[in-house]
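Visitor: Protein chains in written order, with my numbering: chain A, 1396 to 1618; chain B, 730 to 1196.
Source of the hints: derived by calculation from the structure; they are not laboratory data.
For every residue, glycine included, the Cβ atom is placed at its ideal position computed from N, Cα and C.
Wrong hints could be hidden among the right ones.
[As the list claims (entries may be wrong)] Heads up, incomplete: computed chain A residues facing chain B, CB under 8 Å, no partners named:
1. E1416
2. F1426
3. K1430
4. R1434
5. L1442
6. P1446
7. L1447
8. P1449
9. G1450
10. M1490
11. G1495
12. V1522
13. W1615
[As the list claims (entries may be wrong)] Okay, derived cross-link-like pairs now, SDA-like style, lysine to any residue, Cα gap no bigger than 25 Å in a straight line:
14. B:K806 to A:K1618
15. B:K1006 to A:E1417
16. B:K902 to A:Y1516
17. A:K1618 to B:L1118
18. B:K1006 to A:N1491
19. A:K1493 to B:E1000
20. B:K902 to B:G830
21. B:K806 to A:N1491
22. A:K1493 to B:L1118
23. B:K1006 to A:T1494
24. A:K1463 to A:A1477
25. B:K806 to A:L1483
26. B:K806 to A:T1494
[As the list claims (entries may be wrong)] Have a look at the derived ranges for each label pair, beta carbon to beta carbon:
27. B:Y786 to A:K1484: 25 to 33 Å
28. B:E812 to A:R1499: 41 to 49 Å
29. B:K840 to A:G1501: 49 to 57 Å
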Amino acid sequence: MRVLPLLLVLLLIPVSAQRVEEISNLNLSVFVNDKAHLRYEFTIKNLIDKPLVPGIGEIRLQKVEPAKLLVIPIPFTEERKAVKVENLKAYSGNMNFKTGYEEREGYSVVYYEIWYPIEPYGERNVVLEFDADLVDRGILFKSITIPIGGDMDIKNLRVSISSNWSNCYLEPKELNAVPANHIAFVTAEFSLLPLPLLPVRGYLLLWSILIGIMLLLLIWLRK
Amino acid sequence: MAKEMRLLALVLILTVGIANACIIEIREATFYPNGTQSVGRDWIVVNFTNGYGYEIYDVQIGEIAKIPTLLPGQNVKIDPYLELLPKEFPLVIMAKVEDLGERSRIEYVVKNFGKDMEILISFPRFEGFVDCSDCEVSERINFYLFVPSNSSGSFSITAARDFVIPDAEVGFKIEESQNLSFGFKIPISIEKGRGEKWNAKFQTSNPTDKEIEIHVNAWVDLCGEIREIFNESIKLRRGEVFSNAAELESACVPVFFFKGKAKAEDFCSYEIIPCYKFGESYIVGYAILKGFSYSPPASPTPTAPPVFPYTPPPPPIPPTAVWPEEVQLTGIVEANIPSTRTLPLRIKVEYAIMMVPATLGAFTSMFLFPVLNRRGVVASRSNAKILELLYPRFRIYTVPSNPITGGILVEPDEEVVSALLSVGLEREDAELIAVAIKIKKPIIARDRRSARVALACGVPVIGYGRS
């Protein structure tokens, strides 16, 4: 029985009416195995004429699954769960940043701290990577949904999601930027079967075919 | 013109000056016009450049940081994640309002209890602003003050009778020094000679322009026997030379060793810079001077006191945000982060499409198949007519003595069959009952007698056949 876990990832960095910083580049590389390895390579750009300290940045992770009666998911119910995170690190060149991970009620927080000032109109490249237990695994399919967004404009966004299985679904095909206070969801599905890139989710297609076959069999048996 | 140049210079120092300090202490601060201040997070970062012209190692910057080695000109930036207990700046800023009838005059007094200080105070231009003294006015109203140690400076703004002064930025920095120590290589030499005895002259010098402490150690290897010559720590002034000599008799050729470690102590610049929080970030170089409003009652009543903002407690450290209640899920489309609790239709539809077959599949596999599997019956060819009605809804099990075509043949336990034969049943009936007991299924009895025996054995009976 498959369930649909929805992952919420919010890249939360300073809130403000007037923008003082932005993410001028974000490369998100995700390798999907039993767990997902997420690597955020991003550039924080100081947009003002004064030195700026980014402070504490957070990425919040949450799995949303239907509530279960034993092993059977109950439709139209939901349970919000924390996501386990391992091998967390953040760095910029030879400067390592303090990182942390907390499981709170219903969600997890990955945070990193940058207390070194960014010069006026300067930039700081940061790499943040970790393994997260957020892959929705089935026998033939596994999928991941990653929202990207936060309180800063994200420009020059590149997302690559890969796996040892064949990629059978990717939505959206192209996502280049996310404005501040918006969120975009990237969903990728991988299959053990050598499927091409499909316009719909592979597991939906498979279930539809199976149900169709079952219906045809029933009709045939009735005759 | 000169004042403007100084102002520009100060702005430049405040904005780009952090690159020149060795240790930067950044302290979140808010000043209130009633003379109070609140301080928040206070932390340190290191920006050290080896400006000595030679390689240094074991650089110890107070208790703040230790750097293993640095080449000449090399710069390191370190965030030691060292947070300090917040301490107030030695500054007091007070505002006083004077009622001039149609206008108001706001006088700010800045008292400096620390070292001499250059201060930039910058207000956004506000509604009701009329004039100011010793200021530069553009989109902002800027004041430059030089306040000597333990004295005060002042400036004033003329505004409309009623006014609201917005929050201002206060730029300054406090310069102190930080002691540091480091090791470095010194030139050493050994002159070895032989007269009547073997002799060696050891020499080193202080190549720096400051006093250094050196630890020198010399020894000799006499064909495997190690003998120490001297081992001492001394201080060398600028350009001073240390030398020592040794003489010894030896049958074999001695090998002399000389080791010197130099350590110097120095200072580097330590700057304390204010900052203020903007969203979750911190803008460095400036503190906030809170604004206030003033609205005197109509004359002839006495002048109303200005409304100063209250001094809040220091902000919590570190800042923590709360998880937004919900996030609106709209696929790739943008959604505001703080959003409603309802799921969008697209997600619901996708969820339903997934859940219906998934639930059906689970139900079929977990309940339907087992139930269907239980719907079996044990029969023989004698019951062929009724079996036509039951098939395919029931699975048909049959017996070896009179099997029915299409049935699943089950071999009965012979002991049970023998026992049932002993009570007078025919072999076909005995086998039917024995198989039913074995696989726990009902039978279609051929007659009343076999039905009674089956019931006595706990086997459900579908009555059919001869009475």
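Visitor: For each hint, tell me whether it holds in the structure or not.
Guide: Okay, the hints, checked on the actual structure:
1. E1416: Nearest chain B Cβ about 6 Å off; hint holds.
2. F1426: violated, 22 Å
3. K1430: violated, 22 Å
4. R1434: This hint is violated: A:R1434 lies away from chain B, its Cβ roughly 21 Å from the closest one there, beyond 8 Å.
5. L1442: violated, 11 Å
6. P1446: Interface hint status for A:P1446: holds (4 Å vs cutoff 8 Å).
7. L1447: At about 6 Å, which falls below the 8 Å cut-off, the nearest Cβ of chain B leaves the hint on A:L1447 intact, so it holds.
8. P1449: Given a least distance of 6 Å, the restraint on A:P1449 holds.
9. G1450: A:G1450 check passes; min Cβ-Cβ to chain B is 5 Å, inside 8 Å.
10. M1490: holds, 6 Å
11. G1495: Cβ of A:G1495 sits 10 Å from chain B, so the hint is violated.
12. V1522: violated, 15 Å
13. W1615: violated, 12 Å
14. B:K806 to A:K1618: Distance ~81 Å between B:K806 and A:K1618 Cα, so the pair is violated.
15. B:K1006 to A:E1417: holds, 16 Å
16. B:K902 to A:Y1516: Holds - the C-alpha atoms of A:Y1516 and B:K902 are around 21 Å apart, at most 25 Å.
17. A:K1618 to B:L1118: Judged against 25 Å, a Cα distance of about 15 Å means the pair holds.
18. B:K1006 to A:N1491: holds, 23 Å
19. A:K1493 to B:E1000: Given pair A:K1493, B:E1000 holds - Cα atoms ~23 Å apart, limit 25 Å.
20. B:K902 to B:G830: This hinted pair is violated, its Cα atoms lying about 38 Å apart.
21. B:K806 to A:N1491: holds, 11 Å
22. A:K1493 to B:L1118: Outside the cut-off at roughly 75 Å; violated.
23. B:K1006 to A:T1494: holds, 21 Å
24. A:K1463 to A:A1477: holds, 16 Å
25. B:K806 to A:L1483: Holds: B:K806 and A:L1483 sit about 22 Å apart, inside 25 Å.
26. B:K806 to A:T1494: holds, 18 Å
27. B:Y786 to A:K1484: 25 to 33 Å: holds, 27 Å
28. B:E812 to A:R1499: 41 to 49 Å: violated, 23 Å
29. B:K840 to A:G1501: 49 to 57 Å: holds, 51 Å
Of the numbered hints given earlier, the model fails hints 2, 3, 4, 5, 11, 12, 13, 14, 20, 22 and 28; all others are met.
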